[in-house]
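Participant: Sequence:
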Amino acid sequence: MAKTYKNLFEPALTFSSLLAAHHKGRKGKRFTAEVIQFEMDLEGNLLTLARELRAGTYRPGEYREFTIYEPKQRLIKAAPYRDRVVHQWYVGNFIKPVFGPAFIFDTYACLEGKGMHRAAYRVQEFLRRAGQIWGEPYILKGDIKSYFFSIDHDIIYNIIARKITDPKVLWLTKVILDSTENPGIPVGSYTSQWFANVYLHQLDMFVKHQLRVKMYVRYMDDFVMVLPDKTTASYVLDEIRIFLKRELSLQLNHKTQVFPAKNGVNFCGYKIWPTHTKIRTESKRRIKRKLRKFQEKYKAGEMDAEDIRRVLVSWMGYARHADSYWLIHKILNQFTFTK
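Each residue of the sequence shown is one higher than the last, beginning at 27 in this note's numbering.
It cannot be assumed that every hint is accurate.
Derived CB-CB ranges, DEER-like [said to hold, decoys possible]:
1. 122 / 159: 31 to 37 Å
2. 238 / 54: 51 to 57 Å
3. 30 / 339: 33 to 39 Å
4. 28 / 54: 44 to 50 Å
5. 264 / 339: 23 to 29 Å
6. 83 / 159: 55 to 61 Å
Quick caveat, the hints were computed from the structure, so don't treat them as lab data.
Idealized CB from N, CA, C, for every residue including glycine.
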């Protein structure tokens, strides 16, 4: 019988644990108006949250919605800051310690010590190993259709309730889920990152233990499998379609496909072959578009050199995980910034 967890809520509901959640929640946003206002009466705000959580009267505020366009268009829902403190406390004390240790090694999104470039390295490692074993392996590249907007509240609640039996933790889980429409969880929320990983952990278990696929890497709702031949890959794809629909009310989107490993695979912003890795064409176009826009803003005095430097350092950190020495030099030489 699987281990269950109870009596978690009350021991975790301390001023120090809420303060720690605040410190995590404000990272990178310390000087925003919301955080400054919250910190003007930090002790009072945290004690109020503690009282509301203990009494069961806590209710989330309304999300602020905005759209981002890079790397692709997405509707982001940002919770009020006091709710972000609760999210940090909830995940840090209940979801992360209970579910995190059970995650498979090869899931890479939103986890410490993981990330996109490590996922890309792992796929390349599998491609090399598969080539040595099978000669001409096949790839199954999967992508969930409208993933965050398709997550069913009842299903994720029941997944959590199978492990956590503390009624107050389950109450707060329901409060957080009910703050948005069903199905769907808000892109941009810390709780959503963890709910999304816990949800597809069910797929991970099915792939590893039922289908017995050894070479499998998942980054949130994108996954890659390296398989011995086309027949096996097609069979695995059919089984996954059935499982996702039956167990999680999810569908694969049109980008899901089976193809020879020698073609290379697009994953986590890279095009990966057994022998080398390149930056995807769209990623190159994106940084060039961004730098052209920066040239205009810098000339107009709307950006300073430090803003541009930060973006370039971040992009070069990503690019250096591919075979991109000459590409980096070409792009740096292509753009000059003058006022």
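Participant: In this structure, is the beta-carbon distance linking residue 30 and residue 339 contained in 33 to 39 Å?
Facilitator: violated (46 Å)
Participant: Regarding residue 122 and residue 159, is the given constraint of 31 to 37 Å on their beta-carbon distance met?
Facilitator: This hint holds: roughly 36 Å between Cβ atoms.
Participant: Is the distance from the Cβ of residue 238 to the Cβ of residue 54 consistent with 51 to 57 Å?
Facilitator: Distance hint for residue 238, residue 54 is violated at roughly 41 Å.
Participant: Take a look at whether the Cβ-Cβ distance between residue 83 and residue 159 falls inside 55 to 61 Å.
Facilitator: With a Cβ separation near 59 Å, residue 83 and residue 159 satisfy 55 to 61 Å, so the hint holds.
Participant: Hint says 23 to 29 Å; check whether the CB-CB distance for residue 264 and residue 339 agrees.
Facilitator: The hint (23 to 29 Å, Cβ to Cβ) is violated, given that residue 264 and residue 339 are roughly 45 Å apart.
Participant: Is it true that residue 28 and residue 54 lie within 44 to 50 Å of each other by Cβ?
Facilitator: Violated, at about 37 Å.
Hints 2, 3, 4 and 5, counting from the list given before, are not met by this structure.
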